[in-house]
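Trainee: Residues per chain, in single letters:
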Amino acid sequence: MIFPFTAIVGQDEMKTALILNVIDPAVGGLLIMGEKGTAKSTAVRALAELLPETEAVKGCPFNCDPDGRVLCTDCRERLQTEGCLDRERRRMRVVELPLGITEDRLVGTLDIEHALQKGEKRFEPGILADANRNFLYVDEVNLLEDHIVDLLLDSAAMGVNTVEREGVSFTHPAGFILVGTMNPEEGDLRPQLLDRFGLCVQVLSIMDKSARVEILKRKAAFDAEPRTFVESRRKEQAELVERIVAAKTRLKTVALPDDVLEKIVGVTAALNLDGHRADIVMMKGARALAAFRGKEKIEHSDIADAARLALNHRMKRLPFEETGRGREKLQSLLAEFSA
Amino acid sequence: MTFSSIVGQEDAKLALILNAIDPRCGGVLFVGEKGSGKSTLARSFAELTGEGRPFVELPLNATEDAVLGDADLENTLITGTEFRRPGLLERAAGGTLYIDDVNLLLPEIIALVSKGQTDCILMATMNPEEGALSSHFVDRFGMCVPVEALKEAPKRVAVMRQAMEPVRSCLSGSDDGLADSREKIESARKRLGRVAVPADVLDYLVRRCMENLVSGHRADIRLFYAARAYAVYLGTETVTEAHVDAVLPLVLAHRRRVFQEPEARQDLSNREAPPDGKNGKDSRDAGNGSETQQESKEQSSRLVRDELYGVPRESAAAEEVFGVGEDFKIRRLTFRKDRMNRTMSGRRTKTGSRGKRGRHVKSILRDNNDIAVDATIRAAAPFQKLRGRKGMLIIRDEDLRYKQREKRMGHLIVFVVDGSGSMGVSRRMIETKGAVQSLLMDCYQKREMVAMIVFRKDRAETVLPPTASVETASKRLREIPVGGKTPLAAGLLETFNLIRRVRIKSEETRFLVVVITDGRANHSLSGVPVREEIKKMTEMLRSLPATDYVVVDTEDKTKIIRTDFAREISSALEGDYYRIDDLKADYLTAVIRKKTMSM
Chain A
55 MIFPFTAIVG
65 QDEMKTALIL
75 NVIDPAVGGL
85 LIMGEKGTAK
95 STAVRALAEL
105 LPETEAVKGC
115 PFNCDPDGRV
125 LCTDCRERLQ
135 TEGCLDRERR
145 RMRVVELPLG
155 ITEDRLVGTL
165 DIEHALQKGE
175 KRFEPGILAD
185 ANRNFLYVDE
195 VNLLEDHIVD
205 LLLDSAAMGV
215 NTVEREGVSF
225 THPAGFILVG
235 TMNPEEGDLR
245 PQLLDRFGLC
255 VQVLSIMDKS
265 ARVEILKRKA
275 AFDAEPRTFV
285 ESRRKEQAEL
295 VERIVAAKTR
305 LKTVALPDDV
315 LEKIVGVTAA
325 LNLDGHRADI
335 VMMKGARALA
345 AFRGKEKIEH
355 SDIADAARLA
365 LNHRMKRLPF
375 EETGRGREKL
385 QSLLAEFSA
Chain B
14 MTFSSIVGQE
24 DAKLALILNA
34 IDPRCGGVLF
44 VGEKGSGKST
54 LARSFAELTG
64 EGRPFVELPL
74 NATEDAVLGD
84 ADLENTLITG
94 TEFRRPGLLE
104 RAAGGTLYID
114 DVNLLLPEII
124 ALVSKGQTDC
134 ILMATMNPEE
144 GALSSHFVDR
154 FGMCVPVEAL
164 KEAPKRVAVM
174 RQAMEPVRSC
184 LSGSDDGLAD
194 SREKIESARK
204 RLGRVAVPAD
214 VLDYLVRRCM
224 ENLVSGHRAD
234 IRLFYAARAY
244 AVYLGTETVT
254 EAHVDAVLPL
264 VLAHRRRVFQ
274 EPEARQDLSN
284 REAPPDGKNG
294 KDSRDAGNGS
304 ETQQESKEQS
314 SRLVRDELYG
324 VPRESAAAEE
334 VFGVGEDFKI
344 RRLTFRKDRM
354 NRTMSGRRTK
364 TGSRGKRGRH
374 VKSILRDNND
384 IAVDATIRAA
394 APFQKLRGRK
404 GMLIIRDEDL
414 RYKQREKRMG
424 HLIVFVVDGS
434 GSMGVSRRMI
444 ETKGAVQSLL
454 MDCYQKREMV
464 AMIVFRKDRA
474 ETVLPPTASV
484 ETASKRLREI
494 PVGGKTPLAA
504 GLLETFNLIR
514 RVRIKSEETR
524 FLVVVITDGR
534 ANHSLSGVPV
544 REEIKKMTEM
554 LRSLPATDYV
564 VVDTEDKTKI
574 IRTDFAREIS
584 SALEGDYYRI
594 DDLKADYLTA
604 VIRKKTMSM
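Protein sequence lines correspond, in order, to chains A and B. First residue of the first sequence? That's 55 in the working numbering, and the numbers climb one at a time after it. First residue of the second sequence? That's 14 in the working numbering, and the numbers climb one at a time after it.
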């Protein structure tokens, strides 16, 4: 039993950011900065649990989307020989990337057992295969070894994992929602990795006494009678699913007029941000937010809220400036643009 | 995203077109920061070249056997003789080998690509913030284009619109722009043989290369083919000086000698002129080739050159001084020579990896208890028929192959600083903090960590646990109390314990301990005489593997009473000894840089 998403107290920014990634995976993942014990991993697992099943190619270890643009080498061959692909329904999962992971386990490698017994080469899928169309959760992403980060980014960039090693050549889709957590005290992320996370939120322990009491109560209730507790949240859970599903459909119809795009560029230009990623993430975030809020049009509040999520980690600051200062700057800038 | 839908980036597009017309242009290296669109550009080349010319991607995970080719297991088993599977280099023959983030590739793999005698061209991208490439390898690329994110608002809006468009299938063929470009390229290819290069233009071409102090003759050859392809693309059949000038920046961006005087660069930007106006749209933005554009082009090309070879963006002459806090200043150091050396030898110290971690580079015969099963199977495959295999493969001792792994190790620099009440302690702290900051500012590429231990009063304290975070360092180092006695032994003990702790977690780390003291140790930990105690400590420290020492002696040697104890400590540690009465952050950083380079 997993603690219901809607029963998590507070941490609204984190919850929203996760939902936006589900509505539009192109938003590009989420980096959660903060202390231990702030419901980070619970929230991701709870959200995955909540989501409706999706279609996948039957039996495919790479979770290929039968209607997707990219198929794995096996499915591609099967489609060519058989003309169609069988389908099955699967739940979204949270795949964890352990810190000590080896290169082989990440990208996949030769299936040794099969090779020894049958004398045939077969590709043994790695974590990137498991993660396709799922959440890839990296706890303490800043402690990940450099060469693993490089490989991770390599496939994350294209949504495809191309393997050329140990005698096997294989390609499979590897599009995942990357969720990383880090404690900034334990060292920075390379700027290149930081930039690859679409959104970023900071979570803090909740300091409001009544809220903390509420957290305790719910946790105790869940631990005592998980079934009853989950049952008691059924209505809220169903409503949230419905909202997310509706937002997914509405996404395509949300208009992107020039004045919205110009406003976004205005903000990033005023902050002197390099690269196009900030613009694109902000726009996708704002659109997903508008869709989630049931609107057909992006409003200033959507842009402002998306900016807070998308620019948190992209703000240029001197090495000794604290993160908070950037937030104030952003706040006043957004106020300016609302006029 | 397709070639024709890419917004702006005219230089990059021209480079791609010229290479599509004539592969002898030698490929393109796209250099740019994160999110600038360099990968999108490089990948779009696959669409331009059309059928018959393979586009093969070399992923970062590639092992040596994948690059060079290896035994094909199934066929080898059936035939009983070794059956080869072509490697990536062979598969790319006659086409393109594409490498994303080429500077993150293992040096061993780069060497294979660099030496590979195949007739494919290289397309690659790199983000200079991630590390440098050797000039030798960079020279393999015919052209080099700096890619910068677009600055103008309307263009940025256009890029956003592009990003929102559904991905078009390359096969749908509905892309008019692409079809148009392809057609032009096809027609240009047909006319390529007819183009004449007059003797005086050839002369001019060589002169331009010589003026720009390029090394070797590759530039001349690449420039020749590029100018020819450009001429034919514009629809003419005679190459002119203007054609040469137009493609010159593409060919020379990465080849001009780094230590060039600024005057020479200036001259180049003046000569660079787009071809005559009547070539219209086809010529590179002839209409609005304003001065500012020229300037920024020149600037960015210089930037590429500097960043390729690891020269930081601030020109070496103008060391920038950042004002940090109120108490100390920090310099971004630019030891150019050191950086060049580093470029040549790869970006970090390498080591044969002892554990079973790290990247599997290739398979070897030497037994290291780490069997490479894939290579073993391939080695056994040809003999299976002979050995009478029924089901399971029959593996014998002589088939066994082992993994050679490589792991990049980091450095941990431990500062051990005297915080006692002796002379000049606050200055010493300020300058040491400055050095810590400089090292960390500079450490994104090398991924070093820094720690700081301060000893004063009756104990030593790790005021900065190992970190690679500038932020954490500045937070922790803001206030360090000073004054009191000099418990040097405690400082050394704390150092010993710290290194032991770190070694448990990451055994590949190398350590550099920098002891900064005036050597006037006057507080014992255990009650035994101070000097004796310190001798014990130095013995312990010397027993630590992979650890080097630098002792910086800050004792005022003009005084009559000198201890010279710091020198004794340094010889006991077999470390380097530096004596200074005027400690400066940049001096300290230079000393450490020099040391880590040789470690």
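If you are wondering where the hints come from, they were derived from the structure by calculation, not from laboratory data. Check before you lean on any hint, since a few could be wrong.
Label pairs and their calculated CB-CB ranges [as the list claims (entries may be wrong)]: (1) GLU109/A with GLU23/B: 36 to 46 Å; (2) GLU390/A with GLU23/B: 26 to 36 Å; (3) GLU23/B with ALA323/A: 15 to 25 Å; (4) GLY82/B with GLY348/A: 55 to 65 Å; (5) THR576/B with ASP262/A: 28 to 38 Å; (6) LYS289/A with ILE384/B: 53 to 63 Å; (7) ARG491/B with GLN385/A: 53 to 63 Å.
Chain A side only, calculated, beta carbon under 10 Å to chain B, not exhaustive [said to hold, decoys possible]: (8) ALA80; (9) VAL149; (10) GLU150; (11) ILE181; (12) MET212; (13) ASP249; (14) ILE298; (15) VAL299; (16) ALA300; (17) ILE318; (18) THR322; (19) LEU325; (20) MET337.
Where a beta carbon is used, it is the ideal one built from N, C-alpha and C, also for glycine.
Trainee: Next step is simple, just say for each hint if it's right about the structure.
Mentor: How the hints compare with the structure:
Between GLU109/A and GLU23/B the CB atoms are about 43 Å apart, so this pair conforms to the stated range of 36 to 46 Å. A hinted range of 26 to 36 Å for the beta carbons of GLU390/A and GLU23/B is consistent with their spacing of about 34 Å. The hint said 15 to 25 Å for the Cβ distance between GLU23/B and ALA323/A, and at roughly 21 Å that hint holds. Distance hint check: the CB atoms of GLY82/B and GLY348/A are about 57 Å apart, consistent with the given range 55 to 65 Å.
As the Cβ distance of THR576/B to ASP262/A is approximately 59 Å, the hint placing it in 28 to 38 Å is violated. Against the hinted window of 53 to 63 Å, the Cβ-Cβ separation of LYS289/A and ILE384/B comes to about 57 Å, which satisfies the hint. At roughly 26 Å, the beta carbons of ARG491/B and GLN385/A sit outside the given window of 53 to 63 Å. With its C-beta approaching chain B no nearer than about 8 Å, ALA80/A sits inside the 10 Å limit, and its interface hint holds.
Against a cut-off of 10 Å between C-beta atoms, the interface hint on VAL149/A is violated, since the closest Cβ of chain B lies about 18 Å away. Among the interface hints, the one on GLU150/A is violated; its C-beta lies about 19 Å from the nearest C-beta in chain B, farther than the 10 Å criterion. For the restraint placing ILE181/A at the interface with chain B, the shortest Cβ-Cβ distance is roughly 13 Å, beyond the 10 Å limit, so the hint is violated. A hinted interface residue such as MET212/A counts as satisfied when its beta carbon comes closer than 10 Å to some beta carbon of chain B; here the least separation is about 8 Å, so the hint holds.
Interface hint status for ASP249/A: upheld, as the beta-carbon distance to the closest one in chain B is roughly 5 Å, under 10 Å. This hint is violated: ILE298/A has a C-beta 20 Å from the nearest C-beta of chain B, more than the 10 Å allowed. Restraint check, VAL299/A versus chain B: the minimum CB separation of about 20 Å is more than 10 Å; hint violated. A distance limit of 10 Å between C-beta atoms decides the matter here; for ALA300/A the minimum to chain B is near 20 Å, and the interface restraint is violated.
Because the smallest distance between the Cβ of ILE318/A and any Cβ of chain B comes to about 7 Å, under 10 Å, the interface hint for this residue holds. Residue-level restraint check for THR322/A holds (minimum Cβ-Cβ distance to chain B is 8 Å; threshold 10 Å). Taking 10 Å as the C-beta contact cut-off toward chain B, the hint placing LEU325/A at the interface is violated, the least distance being around 13 Å. For MET337/A, the interface hint holds, the least distance from its beta-carbon to any beta-carbon of chain B being 5 Å, beneath 10 Å.
Checked against the numbered hints above, the structure violates hints 5, 7, 9, 10, 11, 14, 15, 16 and 19; every other hint is satisfied.
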